[in-house]
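**Student:** Residue strings, one per chain:
Protein chains: 2
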Amino acid sequence: MLGNFFNALSIAIIGVSRDPNKVGHVILRNFVDGGYKGKIFVVNPNAESILNYQSYPSVTMIEEPVELAIVAVPAEIVPKVLEECGRKKIKNIIIVSAGFKEVGNHKLESQLENVIKKHKLRVIGPNALGVFDAYSKIDSLFLPRYRMSRPKEGVISFVCQSGAVGSSIVDLATSEGYGFAKFISYGNAVDIDESDLIEYLGNDEKTKVICLYVEAVRNGKRFLEVCRKVSRKKPIIAIKGGVTEAGSKATLSHTGSLAGSAEIYFGVFRQAGIIRAESLEDMFNYAKILEKSIKPSGEKLQIITNGGGYGILSVDSAVKYGVKLAEFDKNTSKELRKNLPQIINIANPLDLVGDATSGRYKLCIDASLRDKNIDVLLVIVLVQTPLIANDIIDVLIEAENRKKKPIIVVSAGGEYTERMRKKLEENGIPTYTYPENAVKSIKQLVEYHNHKF
Amino acid sequence: MLGNFFNALSIAIIGVSRDPNKVGHVILRNFVDGGYKGKIFVVNPNAESILNYQSYPSVTMIEEPVELAIVAVPAEIVPKVLEECGRKKIKNIIIVSAGFKEVGNHKLESQLENVIKKHKLRVIGPNALGVFDAYSKIDSLFLPRYRMSRPKEGVISFVCQSGAVGSSIVDLATSEGYGFAKFISYGNAVDIDESDLIEYLGNDEKTKVICLYVEAVRNGKRFLEVCRKVSRKKPIIAIKGGVTEAGSKATLSHTGSLAGSAEIYFGVFRQAGIIRAESLEDMFNYAKILEKSIKPSGEKLQIITNGGGYGILSVDSAVKYGVKLAEFDKNTSKELRKNLPQIINIANPLDLVGDATSGRYKLCIDASLRDKNIDVLLVIVLVQTPLIANDIIDVLIEAENRKKKPIIVVSAGGEYTERMRKKLEENGIPTYTYPENAVKSIKQLVEYHNHKF
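Those protein sequences? They're chains A and B, same order as listed. Just so you know, we're using the working numbering here: the first sequence kicks off at 379 and counts up by one. Just so you know, we're using the working numbering here: the second sequence kicks off at 379 and counts up by one.
Excised from the complex, chain A in its bound form (with noise of 0.2 Å):
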């Protein structure tokens, strides 16, 4: 019943205005800009044509048949459009509309919830973004595309109570050059939750990971059963909002709802296998790395690098996030040894010093992937050095071709060093910036999958 939200061939969109910068038209700009390849109807009682779709009074009136509407109308006329959607078989509801539960308008709010009974209706919203399809292009965000860039083709899928930080986050992340599959804004819920959307990501082919940013969930019962069922076959990475009693109360005038206590929240996100994120970047981080199709086969980690600091600093996080450090096998370290200049300290972190070229690091990646004393592999490259040739990216990418390991790599540095990273995320392999924020997130990877198996 939900795969009308994302791959509806039909679409209404109700309440267009002809003031270009008035949220219905702004959508269906978005329909027709974005390339959304199904039928688009537009309704609004007091125009004739809008964008050169004719303009219909009704949904009633629309002879064909329409799989998805989505509701820009002000917020007193949504029951009575509801109910024309419900005469009209319209299953499938976006209402985009504001002034609901989250002002203090209970009483609107519960007629919405008997209209929606009575035609048994699916519906996403009130107060919501609601849909963005990377693949069909159904797109109810009423956010135009100078404004917000909608994301390429891809894996993650974000539930997000709150359409502002999804926006901004999927905007960045846009940016950023991430893929996206879903990104659904469900505002308060009135039908549709979290609950039912994470359970439908999780028979989603397109979606691999599910990130969510919540406030409050509203069955935890239900919450905790979905969560725990779809974790075992993709990750579900959370951030909850309103963790501190301050934050709590912000929530109410928020999206209407209590935010309850944190460590509920957070023995129930254990419970359910959720990675939790602690701020936004991290669970941006984390989205980074597990939306990859790599799997650890233990915990073990080795760091490489061509820069001391870095490996100090990475071996400082891996302790304090608990991450295993590697040894190596007798055999690799002979073989390093009998390789590597002598001044290169064999160990953890291998530093290969400044002088480090492409060669030398293929030759301790090659070295690593078959130690069977490492099971992932953290690589620092600094390209400041002129000594690092351009073909470090076909080491890199070559190794990861062969798929036996999780390669992450970090780089910190200007537009050089943006241009390598952006060429290895192309080619499946996670980058961070940061190497706390890089072992911070292999951590994650690491725990996910041994909980998992």
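Keep in mind the hints are simulated off the structure, nothing from the lab. Wrong hints could be hidden among the right ones.
Which copy? The list can't say, so a pair holds if one copy fits it or any two copies do.
Cut-off 20 Å, straight-line C-alpha distance, at most; resulting in silico cross-link-like pairs (EDC-like, lysine to aspartate or glutamate) [stated by the list, open to error]:
hint	residue 1	residue 2
1	Lys-750	Glu-677
2	Lys-698	Asp-660
3	Lys-670	Asp-772
4	Lys-698	Glu-656
5	Lys-670	Glu-554
6	Lys-584	Glu-804
7	Lys-496	Glu-796
8	Lys-698	Glu-641
9	Lys-611	Glu-793
10	Lys-627	Glu-445
11	Lys-702	Glu-623
12	Lys-800	Glu-554
13	Lys-627	Glu-705
14	Lys-495	Asp-733
15	Lys-781	Asp-744
16	Lys-782	Glu-825
In this text the structure is predicted, and so the values were computed from the model without any measurement.
Starting from the structure of chain A, add chain B where the hints point.
**Tutor:** Only chain B this time, still in chain A's reference frame:
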């Protein structure tokens, strides 16, 4: 005596190869391309001229005075070259050559010490990148500019035991638009150490904030004395490499120093008034806020946002990091209640909701600047919604120009957001992508100024 490292009007580069990829040649090239205004002398006994500079067989053959020598010859020859510098009365010397204590060559390093004592030289290095001064363009960093971009003139100075950490972070910060005063990578510290440099920077008018990456302090007592004095004048942000046993072991082969117990270090940091960063990213985030000339008169933070979720996450972070939350004065509350839409809850965070305009922001920022219960303002501006016009930038800059209270901005997003952030930064407003990082940095700002006065 240290001034010549940064202001020398004449320099000699000793060991300039004709090969453009060799260290000495890269240094010469960087002086020429960087726009250094002083006199440059090139020393290479096997060349007549390099890049149109006459080549001298030895510094002793230069007839004019030389204020600073940069030594890039093989390690074994360094003592001999230093001897010649001594005879030529060059007192300030940067040794970029490696191959001393850090590779176990203690004998060679003590030979250095003897020459230094004999001629009363002041030496930075060996095994160091040396000095970059954004004002004088003195630049011994043997990293070509296409690999590591040089920062513009600014007020951050960075003292870094690790060349790789330093150069990559400066490169990164440069690409983000930050300016620097001085960068010093001091390597093995055969003579000048972190304490000498911090003492010098404490008196340097160009430097407003000092960053430090250190693995091992050479003289703990002196370090404590110097930092205690300097931290009263300007903030010192330090990150310690090797805080764990495994990390500490790794420092031995990096800079040949024993890192020592982390707890002792942290104790010294506290006593010395040093702000401890737990990661490179933190150091960078703290520097961004502390480099601005903004002093809060107290510690009470008011949060203003157009994204509810961001407000909640900021409040959560404030509680987590111990930043006090402000409460509006009664008169402010009344004024805001009168002028803001009813759905807006006059609270902290002050959520101006999704349809907030620049005018609504201006009203609330102005009221907060007047409110004696508020010391610091965190303004979250998400520009994915088109209702925020470009003039929000003017509103913020105008408020900042009155300089009564620190204003910090959080804005997450893609290109549109980045353009806004750059403009704000150029106008002295610190900006952050993630609310958690902003609040953590505000904590440092507040704490530094409360400690100090």
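**Student:** Taking 20 Å as the upper bound on the Cα-Cα distance, should Lys-800 and Glu-554 be classified as within, between, both, or neither?
**Tutor:** both (8 Å within a copy, 17 Å between copies)
**Student:** Go through the copies and call it for Lys-750 and Glu-677: within, between, both or neither, with a Cα cutoff of 20 Å.
**Tutor:** For Lys-750 and Glu-677, the Cα distance is within 20 Å only inside one copy (12 Å; across copies 53 Å).
**Student:** How would you label the pair Lys-698, Asp-660 (within, between, both, or neither) given a Cα cut-off of 20 Å?
**Tutor:** both (16 Å within a copy, 16 Å between copies)
**Student:** Treating 20 Å as the Cα threshold, decide for Lys-611 and Glu-793: within, between, both or neither.
**Tutor:** Close neither inside one copy (38 Å) nor across copies (35 Å); limit 20 Å.
**Student:** Up to 20 Å between alpha-carbons, please classify Lys-495 paired with Asp-733: within, between, both or neither.
**Tutor:** neither (70 Å within a copy, 31 Å between copies)
**Student:** Between the shortest in-copy and the shortest cross-copy C-alpha distance, which are at most 20 Å for Lys-496 and Glu-796: within, between, both, or neither?
**Tutor:** neither (55 Å within a copy, 47 Å between copies)
**Student:** Within a copy, between copies, both or neither: which one fits Lys-781 and Asp-744 at a CA-CA cutoff of 20 Å?
**Tutor:** Within one copy only: 12 Å inside a chain, 57 Å across chains, cut-off 20 Å.
**Student:** Is it within a copy, between copies, both, or neither that the alpha carbon of Lys-584 lies no farther than 20 Å from that of Glu-804?
**Tutor:** Classified as within; 18 Å inside a copy, 42 Å across copies.
**Student:** Up to 20 Å between alpha-carbons, please classify Lys-698 paired with Glu-656: within, between, both or neither.
**Tutor:** Answer is both: 16 Å inside a copy and 11 Å across each meet the 20 Å cutoff.
**Student:** Checking Lys-670 and Asp-772: alpha-carbon separation at most 20 Å within a copy, between copies, both or neither?
**Tutor:** Result: close within a single copy only, 18 Å intra versus 42 Å inter.
**Student:** Evaluate Lys-627 and Glu-445 at a C-alpha cut-off of 20 Å and name the case that applies: within, between, both or neither.
**Tutor:** Neither: 39 Å inside a copy, 64 Å across copies.
**Student:** How would you classify Lys-698 and Glu-641 at a CA-CA limit of 20 Å: within, between, both, or neither?
**Tutor:** between (22 Å within a copy, 14 Å between copies)
In this structure, the earlier hints numbered 7, 9, 10 and 14 are contradicted, and the remaining ones agree with it.
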